[in-house]
Each structure stands twice: as C-alpha cells, then as structure tokens.
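Respectively, the protein sequence lines represent chains A and B.
In terms of our numbering, the first sequence opens at residue 1 and continues consecutively.
In terms of our numbering, the second sequence opens at residue 1001 and continues consecutively.
Honestly, the hints are just simulated from the structure, not real lab data.
Don't take each hint at face value.
Ranges between beta-carbon positions, derived for each pair [stated by the list, open to error]:
1) A:131 x B:1136: 17 to 23 Å
2) A:237 x B:1224: 43 to 49 Å
3) B:1060 x A:200: 26 to 32 Å
4) B:1221 x A:73: 46 to 52 Å
5) B:1063 x A:189: 46 to 52 Å
6) A:139 x B:1189: 25 to 31 Å
7) A:73 x B:1060: 48 to 54 Å
8) A:156 x B:1053: 42 to 48 Å
9) A:200 x B:1188: 20 to 26 Å
According to the in silico footprint, chain B covers these stretches of chain A (three or more CB under 8 Å from chain B) [as the list claims (entries may be wrong)]:
10) 73-84
11) 108-115
12) 212-221
Just so it is clear, CB atoms sit at the ideal spot from N, CA and C, and this is done for glycine as well.
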Amino acid sequence: MTIRAIAAGVVASLLFAVPLAHAQEKKAAAPAADMSGLWIVQDPGSGSWAEWFDNVPKPTLQPDIIADNQRIVASETAGNVVNRMPRTAACPVGNLPMMMASSPPLNIVASRDEVLIGSESGRGRFIYTDGRSHPDVKDPSYVPSGFGHSIGHWEGDTLVIDTIGFPPRVCDSRRPVMLVPGGGRAKDTTHLVERFRLAGPDELSVTFTWEDSTVFLAPHTYSYTYKRLAEGIPIENNEEPGAQPQQQYTTEKAQK
Amino acid sequence: MAFRRFAALLVVFTWSISAFAQSGATTARPDISGYWELRFDSFNVPRASLTTAAQGALEMRRSKDQDAIRGCVNVGMPAVMDDRGVLDIRQSPSVVGMVARAPSSTRYIYTDGRKHPDAEELEGTTNGHSIGRWQGEVLVVDTVGFNERGITAIPGGGYRTSRSHLTESYRLAASADQLTVTFTWTDATVFRTPHSYTLRYYKVRSIPEPRVLNCIQNDADRARFLTDRPVPARF
C-alpha cells in the first residue's frame, strides 16, 4: 500500500509540478535564435531607390491603386518631387516598408518578450512576443504609427510577426498613403505577416506577405536578405534645431 | 492513512521540483528586460564636486540644454535614464537595448565581449558607445564616445562632454521588481572627483502607447509653450 502510495505521489507530482514549473516559459518562448545585431539589406546594386524599392515580384493590384500609381508617376514626372506638406504633431511617425528596404542597417535586439527593430540608432519597431494580442486598432483611442502594431511568436527557428494598425494617410503631399514595394499600399485596412529566419550566422532572411483586399487582388509576397555588420557602430541621426523636417530632407537627398 | 502519505509526498515532491526549477533560474544570468520607471523615492543623488571651469560654464550649458529641448534633439545620456518616462530595457545574449520615452536614440550596450572602437573610428553620439560585462549578477557598463549634443546635464551637477567616461552597475533585486543602477562619471574638465549617484527603477507591467514620440520642433503651440525657456530636470 505504501509503495503504491509513493508511486502514485511521484506520478501525480510529475503530472502537475513540472508543468507548473515551466508555465512561465511557455507563456513566452525564448528566442530560438539570436537575431540581435546590425543587418544591412542586400540591394542588388540598382543605384536607384525607386528601382530597388520596386524590385520585387509584381503584385496584382486593384484598378484604383493602379490608376493612383499612374497619377503619382505623372505628378513626379511633372516635377512634384518634394514633399510640401507641413509636419505636425498629428503626422504618423515611421514607415515600416521603407525602413525595412532602406540602406541604413536594421538594428535588432531580440529579448524574450519583445524585439526592438530600429534603423541605425534610431528607434523604430516594437514587436511584442509576450503572448499579447493586438489592440482594437479601430478604437478612436488607438494612435496609429507607420510601424503599425506588431506581435510575434516563434515557429521553430522562425520569428513570425503579425502587424496591423497602419495609418490611413501620411503627411506627404506627393503620395499621401504609405507605399509598399511593387506599387501597393499600407494603410488602416492592411495586414502584414513577416517571417524572420537566420539563413546562416551572418545572413537574415525576411519574407513579407501583405494582405489588403482594397489594395491587392491576392496576397503580395517578397523576400529580402540582410547581411550582418559585425561590430558595426550605429550612426545617430542628429537633426539640427531649425533644420527642415527630416522626411523632406531625406526625400530631397534621395532625389539628387 | 495512505491518503495522508500520498498528500505529504505530493507536497514534498512538488516543492522539490519547484525549488529545482527556481535554482536553475537563479544560477542563470539575470534578465533585466522589462518596463522600468523612476518614482519619487528613486533618487539618491549627492551634489557633484565641480571644477572651477565647470562652475563657470553651467549657465551656458543650461542654455544649450534648453535649445536641445526646443529643437527636439535626441536627449542622450544621462537624460534617457532619468526622464521620468517608462524605460524599456531589452536584453539579448549579445546586446542590451534601451528605449526611453523622451526623444532619443535607442541605447545599445554590447555584452558580446567587444571593446570600444579606437578613438579615431568613434564618432561621438548623445548616448556614447557602451560595452558591458557581467560580474556575477551585476552588469557593469563602460561608456565613452559622447558628444555634447542633447541634454547634457548630469544629476547632482555637471554636464556631459566628449571627454566624459561613465561607469554603471546594474543590479536586479531578488524579487526582480526593482533595478538599482549606480552611475559614476569621471571627466577631469568637469568633476574634481568621480561623481556617483544611484537611481532605483521599479518594474511596471505595461507601457503607454503609442511608443513613438512625435516631437515637432516647429509646432507653433509647442513653441509658444516653450517661450519661457524650459528648464531641464534638476536634482
């Protein structure tokens, strides 16, 4: 009887105590791979931002998006290449598709509950991996940013990030909605899934899949490869007081 | 009787496994990740002993700091650590990232064993270049390579210059809900003796959204509010 009681106790303990001890770990799995570091996107060398940005498989777009793209091209051909919209406190900050495609390296810190992705030393995206859900991005209290709201989880060695909550418009007189590589848009109805995976110790692969029935006729998928900049030193953006808004400065610089 | 034995064994075995799991956690490197805030009782800041030159430069430095606030310049160290907003600290095996509420760059502390770059390769930044190493359960951080932009005021007196050297020690309380950081600044142009002070951060469960602060230097209403020259936090 005593032996049976001991055996039952041991079995019961294993059944109940071990899961309790590891409950905290299950809540938020530790990163399967440390993606922390500086990562620079591998541009095939087009030499042109516009060509590079659109150097992805072509999405199938809604007719009104195609027409809007044609209008933008005509406007820029006519010389409207400078953003003349004033930057106010109401303007959404950030631009996820542009940041992920730009040459300033991504700066990633991957902790268990949250992943930071900035550009150089600039602050940028916050990806919550602590098991939380998205907020109600249609609630008036939600303030959208150009980085959207991102939550992530690990599927084996792949970090899967789900993002919604982009702003409906941005403060840019030339193209008032964020562009997605290939000619799409990222706005309040858009959903993005990214899959981050280390293809090697110094190579990061990111696959983007954009969905928005008001923009795309089918999900739009493309991938970027990033190379690690070992011991790179992130550059700090130090805009001088009184300088023109950074967005305008960057645009003009890119146009030259 | 058998039931009582069973219950006793269950309690003992559960405790054993729980203790084993916890012992494994405590022998690992502490994880200082989380959202941290300073409270009214968070500041143990003695007055700094300043050089004569530094005392003479205080007004000019204060004016520069006010201009930085007006201009939405990245505030930099040490303001990112004491701006009263929630500080987001994220620790990976190779680097610790810190995001303050104030307009600022992300602060990175490299814990992968690297050294500071050679001085000629290091362009000064508001946060400087930080490397850290674990001494037991204390993270010791060494920072050089500052510039003189942003808010340069240091708690207790003095200011950050390109010659400043900062050492910090981060110690997580056993309960993991408090983080104590001791800062020690050395700079022969500013301090007669190394200037040390300690801040204690309390863990908070959530952080206000949105996480991106939109500081618009040309905002007319903001400019009107700041007409009377803003004063950086003093200690």
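Consistency of the hints with the structure:
no., hint, in the structure
1, A:131 x B:1136: 17 to 23 Å, "violated, 31 Å"
2, A:237 x B:1224: 43 to 49 Å, "violated, 26 Å"
3, B:1060 x A:200: 26 to 32 Å, "violated, 52 Å"
4, B:1221 x A:73: 46 to 52 Å, "violated, 37 Å"
5, B:1063 x A:189: 46 to 52 Å, "holds, 48 Å"
6, A:139 x B:1189: 25 to 31 Å, "violated, 52 Å"
7, A:73 x B:1060: 48 to 54 Å, "holds, 52 Å"
8, A:156 x B:1053: 42 to 48 Å, "violated, 59 Å"
9, A:200 x B:1188: 20 to 26 Å, "violated, 46 Å"
10, 73-84, "violated (count 0)"
11, 108-115, "holds (count 7)"
12, 212-221, "violated (count 0)"
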